[in-house]
Amino acid sequence: KSFKQMYDNGFIVRGNYMINWCTHDGALSDIEVEHEDHMGKMYHINYPLADGSGNITVATTRPETYFGDTAVMVHPDDERHNALIGKKIKLPLIDREVEIIGDSHVDMEFGTGFVKVTPAHDTNDYEVGKRHDLEFITIFDDKGFLNEHCGEFQGLERLESREIIVAKLDEAGFMVKIEDHAHQVGHCYRCKNIVEPYISKQWFVKKEFAASAIEKVNNGEAEFFPSHWINSYNAWMGELRDWCISRQLWWGHQIPVFYCDDCDHEWVEEGDAPHVCPKCNSEKIHQDPDVLDTWFSSGLWPFSTLGWGNDEAFKGELWNEDDMKNFYPNNLLVTGFDILFFWVARMLMMGENITGELPFKDIYLHALVKDEHGEKMSKSKGNVIDPLETIEKYSTDALRFTLAVLAVQGRDIKLSEDKLEQSRNFTNKLFNATNFLQLNQEHFDDLNPENIKTPLGKYMLSRFNLAVKETRGFMDVYRFNDAATVLYRFLWGEFCDWGIELSKADKASVAELGSIFKASMKLLHPFMPFITENLYRRLSVGELEDSESIMVEAYPEVGEVDETIMKEFDLIMEAIVSVRRCKTLIDKGNQKIEKAAVKVPAGSDVAMMQPFIEKLGKVEELSFVEAKLENSVTDVSDNLETFISTDDVDMSAIIGKLTKQKEKLEKEINKLNGMLNNERFVANAPEQVIAENRQALADASEKMAKVEGELKGFA
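Going by the numbering used here, the first residue of the sequence shown is number -4, and it counts up by one from there.
Don't take every hint at face value.
To be verified - Computed cross-link-like contacts, DSSO-like style, restricted to lysine-lysine with a CA-CA straight-line distance of at most 30 Å:
no.	residue 1	residue 2
1	Lys388	Lys356
2	Lys707	Lys657
3	Lys374	Lys453
4	Lys587	Lys698
5	Lys583	Lys502
6	Lys623	Lys707
7	Lys211	Lys320
8	Lys590	Lys655
9	Lys502	Lys594
10	Lys587	Lys707
11	Lys356	Lys376
12	Lys320	Lys365
13	Lys583	Lys414
14	Lys453	Lys365
15	Lys662	Lys594
16	Lys448	Lys517
17	Lys502	Lys517
18	Lys657	Lys613
19	Lys583	Lys499
20	Lys610	Lys499
21	Lys388	Lys409
22	Lys(-4)	Lys196
23	Lys659	Lys707
24	Lys138	Lys196
25	Lys613	Lys701
26	Lys502	Lys409
27	Lys388	Lys517
28	Lys453	Lys502
29	Lys707	Lys590
30	Lys211	Lys356
31	Lys610	Lys666
32	Lys414	Lys374
33	Lys613	Lys666
34	Lys279	Lys(-4)
35	Lys202	Lys172
Just so you know, the hints here were simulated from the structure itself, not pulled from any lab data.
Construct the entire structure; sequences and hints are all you get.
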C-alpha cells in the first residue's frame, strides 16, 4: 500500500541512473557504501592527439576504465590547455577518437589539468556527460568482467585487469609514470567488496520525497537529543540524492510491480498477486524480480506495526483496535546515532509522507558502549565485555544501572569492571537497608506525607521530594546519567549513610523511613527493575492491592520540600562529622568519649540536635557553648566549631606520631615528584603507570595537608 501510494504520487520511479554497484550484492544506496582511506597509485598516461601533433598526459587512479572514456576535459580558464578545446585525441591501444572539452568541474591544480571523462563509471563524470551530451559506454558487466568495448582485454575481471592493462600501456610507450597516491575507496557495507559507479535500471525514491519531513523537523515538530544531531541530519538531508530502493537479493519484500509480456503494461498491485493483466487480460505477466531495500521496509515500522495498510486483514482483532490512533505518533524513539541516516531519517520521511505526521516527537540518539579506555570493543582486541557473563557476575540491575550512570548525552560510554562493581555494591546497600528496616518492623504502609511526624522523617521526606523533582526533571530531557546519579546520591549517601544511622537515635522514625524507602523503590524502578520489585514486595503489607507489579504503579510525584528542617539536619550532620574529626586529633578515633562541646549558630534547635550528635558522634555528654573552651583541640567547619578537652590526653605522644607520619609522607611525595619530573620516565612509561603515580601524589599531598593541619592545631 505504501509503495503504491508513493508510486501514484510520482515519488517512486524507475530508470537508468548512476548507482553504487557491488558485483556481489548488486545495487546499494549511498549510505550503504563505506569509504576507506587507501594507498593506491596515480597513473600518468599519454593520449595522442588525433592530428599527430603531440600528446596530452592524463592522470587517473583507475586506468582500466579508460575504455569507457568519451571525452577529455580541461578547465576553460586554464591557459596551459584551453587552446586544445575542440581538438580530438586517440585512446591508447584502441584508437577510438574522443574530443577535448571545456568544463569548470576540472580542478586546475590536480594532476596535469587534463581529466578523462568516463560518464558510465564515475559519479562526477556522469553529470559532465549529461551536460555535454556525451556517449555513455559501460565497459563491464554486472559481475565486474570487462566487455566487448575493451578489445583484447574482454573477459578479464575489473580489478585483476588493471595490472595487465598497465603493463600493456607501458610496453606500447603510453605510460609516463606511476606515483603513490592516497585516496578514498568505496566498499560494500555487507561484503567489503570495492563498489563501482554503474549505470543500471533501478527503482528510486525521488529526493523531493524528503522535503516535508525536513521542514517539519526544523519547525520543531520533532526534537533530537542531544540537540546537535539536527545539524548532522540537516547536512545529510541537504545533500540527498534519489534513493535507489531496488536490490538484487533473494530475501526481502519483493517489489509489487507487475509487467505484461504482451502489451508491456506496468502497474503496482496493492493486494494479492494478480493472474491477468488489467489492461489486456493476458495471463503472460510477471512480477519485478528485485526486492526492496531493507531500510525502505524498516522505514515503515512506526505505523506498519500498528495495523496501517492492513485494515481488512486485522478487522475485528482486539489487539489492533485504535492502535494507530493511540500510539501514532509515538512520543520517543531511542536508538544509536550510527543508524541516524540508515533508519531514523527514513522513518521520518516515510511516516510524514504516508501518514501525514512525523512518527516521533523526540529522538534520543545514544552513544556507543566502549571499553574502559574508550576503545571500540572487538574480538581481535580481546576487549569485549560479554553482557551475559557480566549479568551472571554482577546482576542485570547492576549492568543496567551502570549503563544509565555512564549515558552522558553525546559521549561514548566507557564501561569498566570498577563501574559495574560499584553498581553491584549499590544493590547490596539496598538489600542491607531493607534488612535493617525489617529488623525493626516487617511491613510498611505506603507513603502518606501527612503521616510523617518525626523531625528525621520530615527531613528524609524533603530529601526524597527533592530527589523526585531532580529525577523527573532530568528524565524529561533524557539526561539519564544525571537522574541515575541523583538516585544513587539520595539512596546511598542520604538515606542509607545518614537516614538509617540517624534513626538509631530516634526509633520512632523507622516506620516513616520504611514508607519513604518503599516510595524510593518506585522512583528507582526504571533503572533497576528487578531489585526494586523484590524489595518493594518485601516491605509491602501483603500482596499489592492496586496492581500486579510496581512497574504499573504511579510514578512518584513532586512533593513539598521543608527548607527549615533540611537546614537543621544539615547542621546536625556537619556537627557529627566535626566531632568525629576532632576525636581523631586526640587519637580517639572511633572510641566513645565522655564530653565534647559544640558552638552552633544562634537560634539552632539544640534540643533536637543533641541526641543525634551524641549517638552518632559517640559522646556521653554534649554541651553547646558560645565561646572556645580552654585547653582543648578544635575543629572548625563551615557553620560550627567543636571542642574536646585535652586535660587527660598525652599530647606529646600524639604530636610525635603525627610528626613521624609527616616525615614518611615527605619522602613519598619527594620520590613521586622526582619520577613525574623526569622527562625520560614520562616519555617511556605506560600511560596507566603515569596516571597511577599522579594519583598517588595527589593522595599523599592530601594526607600531608591533613597532618600539617592537625599539627598546626596543637601549636
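- Message: Can you confirm whether the C-alpha distance between Lys590 and Lys655 stays at or below 30 Å?
- Response: holds (29 Å)
- Satisfaction of hint between Lys196 and Lys(-4), Cα-Cα up to 30 Å: OK: Lys(-4) and Lys196 at ~23 Å, within 30 Å.
- Message: Tell me if the straight-line CA distance from Lys502 to Lys409 falls inside 30 Å.
- Response: Violated - the C-alpha atoms of Lys409 and Lys502 are around 43 Å apart, more than 30 Å.
- Query: Within a Cα-Cα threshold of 30 Å, do Lys356 and Lys376 meet the stated pairing?
  - Reply: Violated, because 39 Å separates the two Cα atoms, which is more than 30 Å.
- Given the hint that Lys388 pairs with Lys356, test it: the Cα-Cα distance must not exceed 30 Å. violated (38 Å)
- Query: Does the structure keep Lys211 and Lys356 at a Cα separation of 30 Å or less?
  - Reply: The hint holds at about 11 Å.
- Message: Checking one constraint from the list: CA of Lys388 to CA of Lys409, max 30 Å. Satisfied?
- Response: holds (19 Å)
- Query: Does the alpha-carbon distance linking Lys657 and Lys613 stay inside the 30 Å limit?
  - Reply: This hinted pair holds, its Cα atoms lying about 28 Å apart.
- If you draw a straight line from the CA of Lys202 to the CA of Lys172, is it 30 Å or shorter? violated (42 Å)
- Lys414 paired with Lys374 [C-alpha distance capped at 30 Å]: holds (22 Å)
- Task: Verify the proposed pairing of Lys662 with Lys594, using a straight-line Cα cut of 30 Å.
- Result: At roughly 38 Å apart (the allowed maximum being 30 Å), Lys594 and Lys662 break the hint.
- Query: Can the restraint linking Lys453 and Lys365 be considered satisfied, given a maximum Cα separation of 30 Å?
  - Reply: With a Cα-Cα distance of about 43 Å, the restraint between Lys453 and Lys365 is violated, given a limit of 30 Å.
This entry does not satisfy hints 1, 3, 11, 12, 13, 14, 15, 26, 31, 33 and 35, going by the numbered hints stated previously.
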